[in-house]
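Visitor: Here's the letter readout for the chains.
There are 2 protein chains.
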Amino acid sequence: MHTVQVETPGGHYPIHIGAGRLDAVADSIPADATAIAIVTNTTVGALYGARLRAALEAAGKPLLTIELPDGEQYKTWESLDRIFDALLAAALDRKAVLVALGGGVVGDICGFAASCYMRGIRFVQVPTTLLAQVDSSVGGKTAINHPRGKNMIGAFYQPLAVEIDPHVLATLPAREISAGLAEIIKYGMIADAGFFDWCEAHVDALRALDDQAIRHAVRRSCELKAWVVSQDERESGLRAILNFGHTFGHAIESGLGYGQWLHGEAVGCGMVMAAELSARAGSLDAAAVDRIRALVSAIGCPVDPPGLGADRWLDLMRVDKKNEGRRIRYVLLPALGQAEVRAVDDDVVRPLLPGTAQS
Amino acid sequence: MHTVQVETPGGHYPIHIGAGRLDAVADSIPADATAIAIVTNTTVGALYGARLRAALEAAGKPLLTIELPDGEQYKTWESLDRIFDALLAAALDRKAVLVALGGGVVGDICGFAASCYMRGIRFVQVPTTLLAQVDSSVGGKTAINHPRGKNMIGAFYQPLAVEIDPHVLATLPAREISAGLAEIIKYGMIADAGFFDWCEAHVDALRALDDQAIRHAVRRSCELKAWVVSQDERESGLRAILNFGHTFGHAIESGLGYGQWLHGEAVGCGMVMAAELSARAGSLDAAAVDRIRALVSAIGCPVDPPGLGADRWLDLMRVDKKNEGRRIRYVLLPALGQAEVRAVDDDVVRPLLPGTAQS
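From first to last, the protein sequence lines stand for chains A and B.
Take the first sequence: its position 192, counted from the start at 1, is 192 in UniProt numbering, and no numbers get skipped.
Take the second sequence: its position 303, counted from the start at 1, is 303 in UniProt numbering, and no numbers get skipped.
Honestly, the hints are just simulated from the structure, not real lab data.
Backbone N, C-alpha and C define an ideal beta-carbon position, used for all residues, glycine too.
Don't take every hint at face value.
[What the hints assert, rightly or not] Listed below are several chain B residues computed to face chain A (Cβ distance under 8 Å; list not exhaustive): (1) Ala90; (2) Arg94; (3) Lys95; (4) Cys116; (5) Tyr117; (6) His146; (7) Gly154; (8) Glu223; (9) Trp227; (10) Asp285; (11) Arg318; (12) Lys321; (13) Ile328.
[Claimed, not checked] The calculated DSS-like cross-link candidates involving lysine-lysine, where the alpha carbons are at most 30 Å apart (straight line), are: (14) B:Lys322 with A:Lys322; (15) A:Lys61 with B:Lys95; (16) A:Lys61 with A:Lys95; (17) A:Lys95 with B:Lys95.
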């Protein structure tokens, strides 16, 4: 097992990475917990729910399981309220602990539920998708979507621990592996050019879930994310670079309707667009843009943005949380392995935004 | 103007108490705010909305007003979502500031909205009821109600400042004055026997909103609350004593349906019940119980609990956030001016709980 430590004002906690961690989650349940509620979805619950329940019996606490429907379209107030209702019906108190078993949607909803149930109870992240293991489970961002924008309602709220078992990835559809790899290569683009090179060299091993390659990629991603989050828990500065590709990506998800493209797919395509913008509005060279497009394509993510119409693209991007005032701020790459946040005029962005299919 | 300073891990901020503070709220708007959204209700908005808007024009920021329906029964997700919808429709960003103009319901909803809009923006409390001025606006507790329990969903989230103008109390119905006085005399019961004596001696002046008496009572209440909250922001210990009378009070509100009794009325009656329990299960003498009942009655609050049936009373109290496991914990008074939190067996409590009207 490898441990990456996260140190933020909101909490210090370990990320445990190792085969078999799913069976050892009880290690992260504090002795004074009065009850445990597993929050999962129907898909992951069917695959790993019984195993996690068995593992948590070791903690000797009353155990409850809450299953949500599976999909980004359920990252809503209704799902959140299902959790509250189940916790209140079982009279769970402030010393109960939630355990999020699932991907980013489950982790984000469960974390937000933990942050506001009785004004805050403890929770543990057990991410089961590659994307959640390298991104959403680390750093304490929790949220639900609002009809007017993704992740608009939420909290910064750190877990007690993150338990990552790479073996659970074996049951993941190939499309979700590609989506997770998008976030992994992102860390190389924004913060570690050497890791980007390594990803280029190991892309086939990563897509085949080669044990050693995946363990290295997950660990390095968690280290880089933990470092950024430790500098800036509440995204007042540095942390925004983690949103590279996300301004375009969120517009894709919201414009097409949540659940059409996976979050990682939208981010993959968004990173290609952000790289192109980095060349147009900044100093990134064309060769780097080509390498980024090639690697996004090689991991199996789309590189051609959908036709939403430029005005709609801009409207969707204007609700991004990075913005201040009306100007849209983007994460740009001055060079491969470096990132900065900057406002860019709509006119400069427009040529990158495909019109509708009809136009 | 008098200033009481609140110092918590979640934020340091001033409570300004003084005639005319309503016209000076712009003092508390930071220079880097990108916009201001006033959150109020239809009743308070009609009385003081235009005056606050005029005062905030001084800050020179885009200004938005969001009016909610008036009443505890609207302290719900639907009201919260109305705020989110208005903020997102106006594309307000993370540097926008919310201003809560109203009583406890508006302050609690607005504060919770601030805590989770884009994972947290800043807000200012402008409490317009006596209860909000001495209790709910101070200390950072924010929440909405859930059908299964009051204030079950929320956050600890501190405001930038609290602006208290005692002159706005002039438009308050007498019943709301009584409800506010309940929280004022509570501070005497749990923490300052001398202040309890003072309240007994000045009860007529307080009910008549005598300027000097109200200013002293508001200031002393804020000082006592700020002291408790500074010791224990997240209610892991001491802070729970502020809930004296609230275990019974919440059961009354929830059992009769929110909005039937005012929160302060339910707490007033709940304090009489908690005093009786303090005598039954602890060391409070009968003379102190009598003084408490007499003062609650003198401020104009009910002292006879409604008949809900003992089992329903206990069920309603079991969802209280103070509880750990199945036993109900109560705030008890070992003596007037002192408080402690203790679990009490249901059998000891039962005789205090009136049956249904039919039984």
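Visitor: Taking the hints in turn, state whether each one holds.
Guide: Hints and how they fare:
no. : hint                   : verdict
1   : Ala90                  : violated, 10 Å
2   : Arg94                  : holds, 6 Å
3   : Lys95                  : holds, 6 Å
4   : Cys116                 : holds, 5 Å
5   : Tyr117                 : holds, 7 Å
6   : His146                 : holds, 6 Å
7   : Gly154                 : holds, 5 Å
8   : Glu223                 : violated, 24 Å
9   : Trp227                 : violated, 20 Å
10  : Asp285                 : violated, 32 Å
11  : Arg318                 : holds, 6 Å
12  : Lys321                 : holds, 5 Å
13  : Ile328                 : violated, 11 Å
14  : B:Lys322 with A:Lys322 : violated, 38 Å
15  : A:Lys61 with B:Lys95   : violated, 43 Å
16  : A:Lys61 with A:Lys95   : holds, 11 Å
17  : A:Lys95 with B:Lys95   : violated, 34 Å
When held up to the earlier numbered hints, the structure conflicts with 1, 8, 9, 10, 13, 14, 15 and 17 and fits the remainder.
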